[in-house]
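Enquirer: These are the residues of each chain, in order.
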Amino acid sequence: METLLYMQTDVFPALLRGFGVSIRLIVPSALVGLAIGIIVGVLRVYGNSFVKIAADLYAGLFRGIPLVIQLFIWYFGLPYFKIFLSPFAASVLGFSLCSGAYHSEYVRGALLSIKRGQMLAAESLGFSKIGMIVSIILPQAVRRALPGAGNEIIYLIKYSSLAYMITCIELTGEGKILASNSFRFTEIFLTVGACYLLMTSVAAIILAKVENHLKIPGFEQQRT
Amino acid sequence: MPESLVAVIDAFPYLLQGSLVTLAVVAGALSFGLLVGAPLAIGQVYGGALIRRSVGLYVWFFRGIPLLVFLFLFYFGLCTALGINLSAFTVAIIVLGLISSAYQSQIIRGAIQSLPEGQLKAARALGMSDIKAIVNIIIPQALRLSIPGFSNEYSILLKDSAVTYALGVAEIMARAHFVATRTYHHFPLYFAAGLIFMILTWLGVKVLRLLEDRVRIPGYSHN
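Each protein sequence line maps, in turn, to chains A and B.
This note's numbering applies: residue 1 is where the first sequence begins, and numbers increase by one.
This note's numbering applies: residue 1 is where the second sequence begins, and numbers increase by one.
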């Protein structure tokens, strides 16, 4: 009875609040990350050599350095240059940039998998380079990059828990505070884990739906 | 910023010692993950409906929850509840290993399924039992095909191992943070720690590529 009351008055409101913060971290980061990934991916394939090197460097750095360290750099490191970010802003910045680097890799792979003949055909039809990329190459490449990008979004959901380490109190943070107060670590972290399982499972279902919805019938079979 | 450079150089040996801890955690977790993951993969490919279902559930569970939540759950929750006293280092290896086993099982499963099915039939025709055929014929090939996947998994584990700082494991990240809070040179120190991680990733991937060449069977290509 006491446990039930505790769950009702303390645990649920706190976890719900944390859940909200987590969602507010994940959604903008996923969208901005995807946008960065598509732009950087295009630049890595079609940019001139200077842009290519810069974009490759970005992708290499942000995929090579652990996300925790990136978050620490944004939150604890930037004040070194007199730039002060809130924990929430630093988290969103860190997630977007890291996620964008991974997305760029999937987009790059997908772009490279589009047959060269299509570009020649577009050129002969009088498309400009940008017109060709935007209306012919990208629509196909984005579809091919989707499975990888979807995985990355699911990773992002899980990695959003790291925001707790730079004191942005989201789902994991609320759980840690509750557990430290009540010493019910096992129950509370199992509940927190269940929330994340729910998020990742729902995201996986939605992503599969999107992938299915965007599929062009009879198109991918010719892929060689 | 020469002063910050001095701070980084001073801290460098201390950070490098941390890289030994990081590598120990990663090596432990990778081996533990392989030990658990390989049987899971075999179960998922060759097992009955119940086994396949359970492996699927296991993979879903360990891939769906963040590492940080698992670390807290095991270290503060289960270890206390069950009355076992494990160091943060051990818990880090167990948790990373369990999560990795879910991913590794899928790497190995893919490798097993890419092998021609006729091999198992041929082994049966030669009078081998199923278990013998799997252990002696399928697994040696599947593990070789899995090496590129393991190399990916290594770089993911390496980066994830930085999260074990939350439990107080004295790896690179934790040490960089200790020094940074003492000297206030946060940015250069974290950047240095990040670079060490990048070097370790590069080194590990190189080693695994060497291993891949080393265990290659000459003249054998699967297709």
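Read the hints as simulated data drawn from the structure, not as lab findings.
You may find that some hints are simply not true.
Here are the simulated DSS-like pairs of lysine-lysine, each with C-alpha atoms no more than 30 Å apart in a straight line [said to hold, decoys possible]: (1) B:Lys132 / A:Lys158; (2) A:Lys129 / A:Lys52; (3) A:Lys52 / A:Lys115; (4) A:Lys129 / A:Lys115; (5) A:Lys115 / A:Lys158; (6) B:Lys206 / A:Lys52.
Enquirer: Hint by hint, note whether the structure agrees.
Expert: Here is what the structure says about each hint:
1. Taking the CA atoms of lysine 132 (chain B) and lysine 158 (chain A), the gap is near 39 Å; set against the 30 Å cutoff, the hint is violated.
2. Restraint check: the Cα-Cα separation between lysine 129 (chain A) and lysine 52 (chain A) comes to about 16 Å, which is no more than 30 Å; the hinted pair holds.
3. Annotation: proposed proximity of lysine 52 (chain A) to lysine 115 (chain A) holds, straight-line Cα distance about 20 Å (limit 30 Å).
4. Between lysine 129 (chain A) and lysine 115 (chain A) the CA atoms are separated by roughly 15 Å; this keeps the pair inside 30 Å, and the hint holds.
5. A hinted pair counts as satisfied when its Cα atoms are at most 30 Å apart, and lysine 115 (chain A) with lysine 158 (chain A) does not qualify at roughly 35 Å.
6. The hinted pair formed by lysine 206 (chain B) and lysine 52 (chain A) meets the criterion: a straight-line CA distance of about 24 Å does not exceed 30 Å.
In the structure shown, a violation is registered for the earlier hints numbered 1, 5, in ascending order.
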